[in-house]
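Student: If you read the protein sequences in the order shown, they are chains A and B. Per the working numbering, the first sequence starts with residue 1, numbered consecutively. Per the working numbering, the second sequence starts with residue 1, numbered consecutively.
Read the hints as simulated data drawn from the structure, not as lab findings. On a predicted model such as this, the values are computed, not experimentally measured, just so you know. Glycine included, every Cβ here is placed at the ideal spot set by N, Cα and C. Where hints are given, some of them may not hold.
As the list claims (entries may be wrong) - Covered by chain A, according to a simulated footprint, are these stretches of chain B (three or more residues, beta-carbon under 8 Å):
hint, stretch
1, 4-16
2, 65-74
3, 83-95
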Amino acid sequence: MLKQVISKFQASFPAPAVYAHCDGPCGVYDPSSARVAAEAVVAMTKKILDLQPPAPGDKAATVAYNNTLSRYIAIKEEQAQLAKEELLILWTDYFKPVHLEQFPDLHTTFWKAAKLCSACKVEVSPQHATELMEAIQKIHGIFWATKSREIPWYTAS
Amino acid sequence: MFPVSPPQQLRLSQGLDLILWLLARRRRLRVVGESMMPLLQPGEEVLVDPNSYRRHPPQPGDLVVASHPHQPGLELIKWVVYGQGDLYFIAGINLGASTDSRSFGLVSRAHLLGRVVCRFP
Chain A
1 MLKQVISKFQ ASFPAPAVYA HCDGPCGVYD PSSARVAAEA VVAMTKKILD LQPPAPGDKA
61 ATVAYNNTLS RYIAIKEEQA QLAKEELLIL WTDYFKPVHL EQFPDLHTTF WKAAKLCSAC
121 KVEVSPQHAT ELMEAIQKIH GIFWATKSRE IPWYTAS
Chain B
1 MFPVSPPQQL RLSQGLDLIL WLLARRRRLR VVGESMMPLL QPGEEVLVDP NSYRRHPPQP
61 GDLVVASHPH QPGLELIKWV VYGQGDLYFI AGINLGASTD SRSFGLVSRA HLLGRVVCRF
121 P
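The task is simple: from the sequences and hints, build the whole structure.
Tutor: So this is what it looks like as structure tokens:
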């Protein structure tokens, strides 16, 4: 009863703000943007490997094949680059020296993840695409641990 | 990282706290931002004793409301790490998401506007 009265009061008369302040644009970082891009890389890698080449001499099928393959490659290239950029933003803008004390392998983790983005661009490698997802999952864990929040890992696909 | 640990707990209010608040001896404030997590989540409310530091000096480990030394009117919630004469080093609990004495330096006692005594309600 008293609790209800108090919560009604709080809703009707909001208290003035006191700032648990941070100069940076806190809260706008989230490793999920890198995760979505990496998922696209995984999907495109799989589609490229699954694509059946056309029968020899079938011109229309060859055109369609080349077009589809080129699109898959272009998207893989673009999304791997995007994943890399998203990771570098997290690494250089969000993470601070205090986080490095907490997670001494932070730099190595990001460096390896960025290199996996490059490998996924150059190659058609399900192994490296999977390793990229694993690296981003690790970064997801580190990121939310620094914010003292438990956000479960999930994927869109 | 600091010689003193940040405050781990903040008690709930009791009848006396609410009476003092009704008598305008406590200020009710709502936390905005993440620098005091996990102790204080954004949106939680606290009661502050604005006269506390007229009676005795701030102690390391106190939760405080301070005015930002370079942004007049901006009231911060932090904790006191240590005092040095009339100057105090204040910090957030969530150091990865806090702007505090690590960037703006020590703050004078006059900048410490009150001690956070409990949650509200």
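Student: When I compare C-beta atoms, does the stretch 83-95 of chain B have three or more residues closer than 8 Å to chain A?
Tutor: holds (count 3)
Student: Take the stretch 65-74 of chain B, compare each residue's beta carbon with every beta carbon of chain A, and decide whether three or more fall closer than 8 Å.
Tutor: holds (count 3)
Student: With a Cβ-Cβ cutoff of 8 Å, does the stretch 4-16 of chain B contain at least three residues near chain A?
Tutor: Contact hint for the stretch 4-16 of chain B vs chain A: violated, 0 residues under 8 Å.
Hint 1 from the earlier list is the only one contradicted by this structure; the remaining hints agree with it.
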